[in-house]
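Colleague: Chain residues, written in single-letter form:
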Amino acid sequence: IQLTQSPSSLSASVGDRVTITCRASQGISSYLAWYQQKPGKAPKLLIYGASTLQSGVPSRFSGSGSGTEFTLTISSLQPEDFATYYCQKLNNYPFTFGPGTQVDV
Amino acid sequence: QVQLVQSGAEVKKPGASVKVSCKASGYTFTAYYIHWVRQAPGQGLEWMGRINHYSGVTEYAQKFQGRVTMTSDTSISTAYMELGRLRSDDTAVFYCARGFPHFDYWGQGTLVTVSS
Chain Y
305 IQLTQSPSSL
315 SASVGDRVTI
325 TCRASQGISS
335 YLAWYQQKPG
345 KAPKLLIYGA
355 STLQSGVPSR
365 FSGSGSGTEF
375 TLTISSLQPE
385 DFATYYCQKL
395 NNYPFTFGPG
405 TQVDV
Chain R
7 QVQLVQSGAE
17 VKKPGASVKV
27 SCKASGYTFT
37 AYYIHWVRQA
47 PGQGLEWMGR
57 INHYSGVTEY
67 AQKFQGRVTM
77 TSDTSISTAY
87 MELGRLRSDD
97 TAVFYCARGF
107 PHFDYWGQGT
117 LVTVSS
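Protein sequences appear in the order of chains Y and R.
Throughout, my numbering is defined as the position within the first sequence, counted from one, plus 304.
Throughout, my numbering is defined as the position within the second sequence, counted from one, plus 6.
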């Protein structure tokens, strides 16, 4: 099963609503997680089970979808949200990651 | 608090092996798998495999089969990832992560540089 993400990069401003899409080549139910990674840092879990917000993650982040199409939405982009975002499938091995979406100013 | 602390940076020659450690604390080590993820410079995240510390059973990505070995020592709550027959394109940061199955805690990463 392959994961694709769109867009591969985007430019946005503080306060913008941002939506990133992850598509799976086959259905994966809700076994999808989203991570944020900043340069030189380990990835950070944002969303799991496609839509469950990880403890401590701001509520401006939300996830939706099931089957083959998923979205990560940032309702109002903050300065600390400029980063690369990855989706990951978790239904069976291999636990493949998407190619990433870079969110720039 | 949950922590995963990895061993330090390594420089290896092509053809050599590298063994990276990941020491866990703050939770019951055997209750969660440890996964390993590779990230080449400027590239995305690549899942390498995982180990079930309780049974010792491993699952490896096909790309790394035959070159990677994941082990653990439950007495010291430490997982290991050994990658052999290193090539220059193995230069990367290697992360360990606790699997739940989503990866809720990550190590700080270990840079492995492969250069002659």
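Each hint should be verified, as a subset may be incorrect.
Unchecked claim - Here are the simulated DSS-like cross-link-like pairs (lysine-lysine), alpha carbons at most 30 Å apart as the crow flies:
#1 Lys69/R to Lys29/R
#2 Lys69/R to Lys342/Y
#3 Lys25/R to Lys342/Y
#4 Lys29/R to Lys348/Y
#5 Lys29/R to Lys19/R
Claimed, not checked - Here are the computed distance ranges between Cβ atoms for each label pair:
#6 Ser380/Y to Thr77/R: 40 to 50 Å
#7 Thr119/R to Ser380/Y: 21 to 31 Å
#8 Thr356/Y to Gly32/R: 36 to 46 Å
Hints in this document: simulated from the structure, not taken from any laboratory.
A virtual CB, placed ideally from N, CA and C, is assigned to each residue, including glycine.
Colleague: Hey, Lys69/R versus Lys29/R, does the alpha-carbon distance stay inside 30 Å?
Modeller: Judged against 30 Å, a Cα distance of about 25 Å means the pair holds.
Colleague: Do the Cβ positions of Thr119/R and Ser380/Y conform to the proposed distance bound of 21 to 31 Å?
Modeller: 40 Å, violated
Colleague: Taking 40 to 50 Å as the stated bounds, is the beta-carbon spacing between Ser380/Y and Thr77/R within them?
Modeller: 45 Å, holds
Colleague: Starting from the hint 36 to 46 Å, judge whether the C-beta atoms of Thr356/Y and Gly32/R obey it.
Modeller: 22 Å Cβ-Cβ, so the 36 to 46 Å window is violated.
Colleague: When you check the alpha-carbon spacing of Lys25/R and Lys342/Y, does it fall within 30 Å?
Modeller: This hinted pair holds, its Cα atoms lying about 26 Å apart.
Colleague: Given the hinted pair Lys29/R and Lys19/R, is their alpha-carbon gap at most 30 Å?
Modeller: Judged against 30 Å, a Cα distance of about 25 Å means the pair holds.
Colleague: Hint check: Lys29/R vs Lys348/Y, CA-CA at most 30 Å. Holds or violated?
Modeller: With Cα atoms ~19 Å apart, Lys29/R and Lys348/Y stay inside 30 Å; holds.
Colleague: Does Lys342/Y lie within 30 Å of Lys69/R when you go C-alpha to C-alpha?
Modeller: OK: Lys69/R and Lys342/Y at ~26 Å, within 30 Å.
Violation of the numbered hints given earlier is confined to hints 7, 8; the remaining hints are satisfied by the structure.
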